[in-house]
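Number of protein chains: 2
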Amino acid sequence: MHAGPSPFLAACRSEPVERVPVWFMRQAGRSLPEYRALRGDGSILDAIRHPELAAEITLQPVRRYGVDAAILFSDIVVPVAALGVGVDVVPGRGPVVPEPFRSASDLGRLRPLEPELDTPYVLETVRILSRELDVPLIGFAGAPFTVASYLVEGGPSRDFARTKALMHTEPALWASLVGKLADVALASLRSQVSAGASAVQLFDSWAGSLTRGEYSRFALPATRQILDGLTDLGVPRILFGVGTGEILDLMAPPGVDVVGVDWRVPLGAARARVGPRPALQGNLDPAICLAGFDAAAVEARRVLEEAGGRPGHVFNLGHGVLPGTDPDVLARIVELVHDEGRTAAAGAGIGS
Amino acid sequence: MHAGPSPFLAACRSEPVERVPVWFMRQAGRSLPEYRALRGDGSILDAIRHPELAAEITLQPVRRYGVDAAILFSDIVVPVAALGVGVDVVPGRGPVVPEPFRSASDLGRLRPLEPELDTPYVLETVRILSRELDVPLIGFAGAPFTVASYLVEGGPSRDFARTKALMHTEPALWASLVGKLADVALASLRSQVSAGASAVQLFDSWAGSLTRGEYSRFALPATRQILDGLTDLGVPRILFGVGTGEILDLMAPPGVDVVGVDWRVPLGAARARVGPRPALQGNLDPAICLAGFDAAAVEARRVLEEAGGRPGHVFNLGHGVLPGTDPDVLARIVELVHDEGRTAAAGAGIGS
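These protein sequence lines are chains A and B, in that order. According to the working numbering, the first sequence holds residues 1187 to 1538 in order. According to the working numbering, the second sequence holds residues 1187 to 1538 in order.
Wrong hints could be hidden among the right ones.
[To be verified] To spell it out: a stretch of chain A is covered by chain B in this simulated footprint if at least three of its residues, at any positions, have a beta carbon under 8 Å from a beta carbon of chain B; those stretches are: (1) 1339-1348; (2) 1397-1403; (3) 1445-1457; (4) 1464-1478.
If you are wondering where the hints come from, they were derived from the structure by calculation, not from laboratory data. As the structure is a prediction and not an experimental result, all values here were calculated from the model. Just so you know, even glycine gets a beta-carbon here, dropped at the ideal spot from N, CA and C.
Working from the sequences, and respecting the hints, build out all of it.
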């Protein structure tokens, strides 16, 4: 149950807000001592399968930081893991697929997701949270290109050479793969919204490794399939990736309500690229938070200034919270944004 | 000794050329079987210390590919390694500094480079090559930010959090560090040119991780110190980094003759950002070369098309040759560029 109208949801819809809303990607987990105490050393995929635990981890940063939205404690590979694809998340490394996807026969390893049967724990977590939270819950999924890159490479990659080779040399197979992954992501997101999520974020984290032509031809169509399939639900849809400066305009089709922007692109430049419509989310460099509050505050104020006090800004990092981040720095950034982040229609500008 | 005027040097000076010149970053080494046969399993730093071996490795890709320039077989950490900083290059990982730079006292580990005494093997390699090559030799150095990032992080990094923390929290110490590294790089490059190098490339490979403000304040001044210190030598100066789309305009001050562009930024967009003066180098995605010649050829033709047939284009990859690249694909790309790459003043446009 929400305590009054949500500035986060209003900002996602580019409506004026009293104060700029803020949340942090990866706010749930990693840098919080109460998270490490709770979770211990087990696999993150195990923790996600325990709704009470996953709900508590989701709540921790909301309590600690006073952020304007919660993001479900989960992982982008949870749905494909539930389908039995064979994937684990290795601490310090990321998703690993011991038997990578290499040919048409691997498509058989993906079937349609039935969320209530395949990932009941995710939905139970969402239901618990929709009772306990007084801020909106963001559900999420991995975008087809980024999830496919793990399946094809067998793990995290610097260059995505096998993935790019597959899309260029076997475009029909690639289209089938990302089409199936789009169906999985859409089913997962729809079920999360049905269970109580108020917004969704699609993580196309590595889309910035693609050329504009590759993104248009090989990544965007399956991503749009998901976005368009959510329209009737009426929840804000956020699309995010890092290093996406050159494709930011392509990442703002009608189905996108909010575009995530990494720290490289000043928000004013991002606005010029995406046009007047979608809201922008970002874009403090997560690395600056490790330099202490004073340095982070200078950069956070610059982000607010570059957002220009226009409606349609959700303050966030430009990528996820880094391990080793001092939680107090994040707490003080939230205070700063709440104190100083104003939109033109509701106040007299930045820092007034 | 060069056989006639060099299209590479002419293109670096934005002069019209009969055919677009081409070379590949990391062409020396990695993917060539004759390189692996020659080098065996030793440290790359050992191989670099043997002039006959380093010269032969530099020559191999010129023979095999018919590229228009050679690049010295060396590494950006060679000068600081020669100063006794304590750095090794670990295969598959990169430069590793077991005792990272963390405070002012570490500055004492850097003294001025005396190239003839500290890196005589580099100069001997250059001298051998200037006798044997019939294309220009490119000397190179690491730009201060990128070299400093290895010294401060202790190795390759994804987020450069310690480096960014240092620049923001101890700007005077940071300025001293990159100032010393600029002196080292300048001394090394001047000595390479004296020994016979005809052009130089400054690798600021990771500059794209910085915001515009960070690049302007913390990276560019020391880089300009090097570039300006080379002016009297009259050799083309190339400045390169990946993920630099947002700072490309800042990377084109008067001291830069050629700006390297990664595969994310179409060359037409790059030209609009840097203005009419510097030449552009790039920008085929190295990953596409692993998809086979047909896919790579489509992209290579797109690169030529985006260069627009204007003078001032040096064809290259957007980053270094990846391990596992089929040398025949690179050889055929060179043929394609030579056959189809024309500049307007010398021919009737692309693909004519």
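We went through each hint and held it up to the structure:
Counting residues of the region 1339-1348 of chain A whose beta carbon lies closer than 8 Å to any beta carbon of chain B gives 4, which reaches the threshold of three, so the coverage claim holds. Against chain B, the region 1397-1403 of chain A contributes 3 residues with a C-beta closer than 8 Å to a partner C-beta. That satisfies the three-residue criterion, and the hint holds. Given a C-beta distance limit of less than 8 Å, the hint that chain B covers the region 1445-1457 of chain A holds, as 5 residues qualify and 3 suffice. Note: the region 1464-1478 of chain A has 7 residues with beta-carbon separation from chain B under 8 Å; the three-residue rule is met and the coverage holds.
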